[in-house]
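Student: Sequence:
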Amino acid sequence: MRKISVLLFLAWVGFLFYAGIALFTSGFLLTRLELTNHSSCQEPPGPGSLPWGSRGEPGACWMPSRFSRLVLVLIDALRFDFAQPQLSHVSGEPPVSLPFLGKLGFLQRILEIQPHHARLYQSKVDPPTTTMQRLKALTTGSLPTFIDAGSNFASYAIAEDNLVKQLTSTGRRVVFMGDETWNDLFPGAFSQAFFFPSFDVRDLHTVDNGILEHLYPTMDSGEWDVLITHFLGVDHCGHKHGPHHPEMAKKLSQMDQVIQGLVERLENDTLLVVTGDHGMTTSGNHGGDSELETSAALFLYSPTALFPSAPPEEPEVIPQISIVPTLALLLGLPIPFGNIGEVIAEVFSEVEDSQPHSSTLAQASALHLNAQQVSRFLHTYSTAAQDLQVKELHRLQHLFSKASADYQRLLQSPQGAEAALQTVITELQQFLRGVRAMCIESWARFSLVRMAGGAALLAATCFLCLLVSQWATSPGFYFRPLLIPMAWGLTGAVVCAGLLATTGLKLDSVVLGAMAAVGSLLPFLWKAWAGWGAKRPLAALLPMPGPVLLLLLIRFAGFFSDSFVIAEARAAPFLLISLILLLVAQLHWEGKLLPPKLLTIPRLGFLTPAGPPRHNGTHALGLGVGLLLCIRLAGLFHRCPEETPACSSSPWLSPLASMVGGRAKNVWYGACVGALAALLAAVRLWLRRYGNLKSPEPPVLFVRWGLPLMGLGTAAYWALASGADEAPPRLRALVAGASVMLPRAVAGLAASGLMLLLWRPVTVLVKAAAGAPRTRTVLTPFSGPPTSQADLDYVVPQIYRHMQEEFRGRLERTKSQGPLTVAAYQLGSVYSAAMVTALTLLAFPLLLLHAERISLVFLLLFLQSFLLLHLLAAGIPITTPGPFTVPWQAVSAWAFMATQTFYSTGHQPVFPAIHWHAAFVGVPEGHDFTWLSALLVGTNTFASHILFAVGCPLLLLWPFLCESQGPRKRRQPPGNEAEARVRPEEEEEPLMEMRLRDAPHHFNAALLQLGLKYLFVLGIQILACALAASILRRHLMVWKVFAPKFIFEAMGFIVSSVGLCLGIALVMRVDGAVSSWFRQLVLAQQKAGEQSSLVYTGAGSSAREAQSHLLPPCSQDLLASGTSLFYNSKS
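Just so you know, our numbering puts 527 at position 527 of the sequence shown, and the rest follows in order with no gaps.
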């Protein structure tokens, strides 16, 4: 019952945090209101006559069409500088040699040969720079909001008015070929379509080759009015290799040939548009708002003259959404209702008319129609929603009214008003640009009530963790009240849901969950504070040492600075190193590192010495130095934030397939396989050291044979993945199949090992031998009666042991034959062995999701954790029988190390840094398991959170494991030298982890306290991110830094909390299995009816294991039948 109470209480605390995160998120990341209104030719955008060019023309719609056909070529991730020519070499400067420069040579020749027919623009993209959001912008002219980026894995049909809908409603034949995302956005909208799967970024050619197979035959057939193609090779090449790889040059050259072939087939009434939906970073990723990600190329070409003048030396920068109203008016379509883009005015000039007044009037007419449409949208939107700035809205409407009045007046007398027309054009452009700026700022709207409520719930839950973690170590703590808040919450949720169902009120699930959380939290806090917290001073509720509190406050404050968030990859190791140095200083001040000295300075809030040193100074110093060295080495694997251009990311983060040199690739492959072998060898040696590798149990057999198989499978997969592009054509199908099956096999083996571990977690070796156990005597390190609690703690077990031996001796004298001794080895490390085995099994699937060279980081991770656990164990006393506790500095260091490992594995809390290649590990081409790909990417991103959360119970177990590295000689009492010469010197074995079973109440309370402390440290981080995002919601970097950081911290907290509960549940499963093992052994001895002895090994010598709380009630019968309990460490 205690175990279930602990797990349920931790799950309830996690639910409180989830409710706070969800409530804050619902107020912080809101989407704008999407209107379903549609523009039509029958409804002009505003009062007044239509432009002069469309008067009296049959079928005219707002403005007469300039082109009857359109070819739209969308090259995914076509960054603007990809369309730039190769820069000429300037004397005195090094030559520029970038693979992507100068590869669109035909495009440059057209700009030079036909300057009035073609124009290149720099298209400025609005973040987020994900494909689905950019497609929405390119067809609706609106601004997708930040939170929409989450639906890039699962696109939904566009409900707003858009170009495709306008084309189909006017009877145009729209043919599409390319990315299947268009089928999700515009289902059934195309007269003919050729869709190709788009999610496999490793595939550079399938989509592009499929388009080319149908492109030219479709153009030659003439059965189309609008032809849309969406090429993906450039984007996939960036994801797989980066923009500086030779493959990028090949892809751009292929696109250049495509453009040339299209130009040669264009007719005079056809407009060609070539554009990119977004750019890419130097690593080939996108999703954020850096300059390289938001800079795309836009190329317009017409067989007839389209521009009145030659292009400028520097291409003009225009917003990406400007293409929507421009194409609508050029094709004679209504501008989509929700568009806020501005037309490209120069394409509406009258090129054939030598009168400058006619060109200016045509531009003013297009801009006025555009402004009327935007003004109508603002009026409709402001009526339906109240999130636009009222003052700015009135100013812009006044500006438009003035410009519109001036335009209508000039239409009455169009001659001789060139200057006035230029003024009108300027006013209309100011209006359109002002509207776009206002919408960008206003659509980041927030619900302050929900944000405040979510932050308050997070803060209250952090206080709950702090309060109960201290309460768990108090003498009067008991577990039954822990179940009360869950009953309150469940009852409150049921009542609220019932009331809402009966009254018909609409309340979303987020608010309902928050109400249930608050309804269960407040009564528990009130009862806990009134019954325990109010009786203690406030300082007792904040027991963490001063330096640890200072480091946590520094980390808390760092989330409020965008510079610190950007530089967290360096700040987190600095805080971890500082904490390690403080731990070493603590060992010195407590006399556990060097011989104790009289110190007159205060101890900075650290605990006072509680026991003799268990490590010599050289050993502890070596642990600290080794740990610092590992942290520095792990820092070599770093990814630079895009805000620090002077920084160079580690080249070791890229996969081996991206390397060009064969010899260097082989050397790195050997290093990766060596790191994998070293990791396996270290785990096996550790299990062998503590004897757990000798057990015949299924998990141990799996460790012996299954782990090497997993290692071989991982190495084989790395070999195939790194050389897949170099495989002979006849073997590529076999390589592709093996690349899918090997990760699945490794993951299947890991899952099988975990299932075996859960089934039989007790890895002990039982031996039976004839002979009598050794006798014991009462030994004391002092003379005279005991004078302190420490003396009593030492002598009472000895007295109990002496009584047991005397009882056994009397039984032996009544028997004619010696007893049968049953020895059980490896009980002293039974909990840690299960945890280390589980972490190793988890590490292999996580390792497969990363690049090959990250295996070196995983090796450093295990070594780093081992050193930190040993260093922490050196300062944790275990001489008392309870309560057990894990110091705050240990929990804080563990959490800091999880953050440091997150950055050392090449991650950053921004969307462009996500390792998208993980979505295709073990997944066949052409799959549609979107949820599986999202799960793989999430697992890759939060691998460090998973490992450290599951391994968190090691902080409690490791000090007991390090109690002794071998048998200790029993100390003889003073005055018994003669007896010592007669009797052989006996060895006293440490109890190790069996001490925890001596006090099951304190064991479960320690697990609860450890979980709450870890959740508290993680909780204050997510609370800091929430407060920073709330306070700085109008900050310039809110969507670039603070919002992504909050999202990553929230997801990391959810993953960590689940992993923590699973780790604690595993320890409890082992504990329950140990109890069951004892029970079965006792029953077997009773059934056999033999006089026997039971010897525990690997856990030290004690008699307390025979108490009723350690064994089931029948264990007393074990003693009565002549069975004695002993410990030993070697088989």
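Everything labelled a hint here was simulated from the structure, so no lab data went into it. For clarity, every value in this text was computed on a predicted model and none was experimentally measured. Please note that the accuracy of each hint is not assured.
Claimed, not checked - List of simulated lysine to any residue pairs, SDA-like, C-alpha gap at most 20 Å: (1) Lys1040 / Asp725; (2) Lys250 / Asp725; (3) Lys665 / Ala716; (4) Lys665 / Pro728; (5) Lys1040 / Ala459; (6) Lys124 / His379; (7) Lys250 / Trp443; (8) Lys527 / Arg570; (9) Lys3 / Leu1062; (10) Lys124 / Trp443; (11) Lys124 / Asn268; (12) Lys391 / Gln408; (13) Lys165 / Pro311; (14) Lys3 / Tyr478; (15) Lys250 / Ala681; (16) Lys1040 / Pro311; (17) Lys665 / Arg202; (18) Lys165 / Asp289.
Student: Give a verdict on every hint.
Tutor: Hint-by-hint comparison with the structure:
Of the pairs offered as hints, the one joining lysine 1040 and aspartate 725 is violated, with about 36 Å between alpha carbons and a cut-off of 20 Å exceeded. With a CA separation close to 15 Å, the supplied pair lysine 250 and aspartate 725 stays within the 20 Å bound. The hinted pair formed by lysine 665 and alanine 716 meets the criterion: a straight-line CA distance of about 15 Å does not exceed 20 Å. A distance of roughly 18 Å separates the Cα atoms of lysine 665 and proline 728; the hinted pair therefore holds under the 20 Å criterion.
A hinted pair counts as satisfied when its Cα atoms are at most 20 Å apart, and lysine 1040 with alanine 459 does not qualify at roughly 25 Å. About 27 Å separates the Cα atoms of lysine 124 and histidine 379, which puts this hinted pair outside 20 Å; it is violated. For the proposed pair lysine 250 and tryptophan 443, the alpha carbon gap of about 41 Å is over 20 Å, so the pair is violated. The suggested pairing of lysine 527 with arginine 570 is violated, with an alpha-carbon distance near 43 Å, which exceeds 20 Å.
The suggested pairing of lysine 3 with leucine 1062 holds, with an alpha-carbon distance near 13 Å, which does not exceed 20 Å. Proposed proximity of lysine 124 and tryptophan 443 is supported: the alpha carbons are some 19 Å apart, at most 20 Å. Straight-line distance between C-alpha atoms of lysine 124 and asparagine 268 comes to about 29 Å, which puts the hinted pair past the 20 Å bound. Among the hinted pairs, lysine 391 with glutamine 408 is inconsistent with the structure: their alpha-carbon atoms are about 26 Å apart, more than 20 Å.
Simply put, lysine 165 and proline 311 have alpha-carbon atoms about 33 Å apart, too far for the 20 Å limit, and the pair is violated. About 12 Å separates the Cα atoms of lysine 3 and tyrosine 478, which keeps this hinted pair within 20 Å; it holds. Straight-line distance between C-alpha atoms of lysine 250 and alanine 681 comes to about 44 Å, which puts the hinted pair past the 20 Å bound. Taking the CA atoms of lysine 1040 and proline 311, the gap is near 34 Å; set against the 20 Å cutoff, the hint is violated.
For the proposed pair lysine 665 and arginine 202, the alpha carbon gap of about 19 Å is at most 20 Å, so the pair holds. For the proposed pair lysine 165 and aspartate 289, the alpha carbon gap of about 29 Å is over 20 Å, so the pair is violated.
In summary, the structure is inconsistent with hints 1, 5, 6, 7, 8, 11, 12, 13, 15, 16, 18 from the numbered list given earlier, while agreeing with the others.
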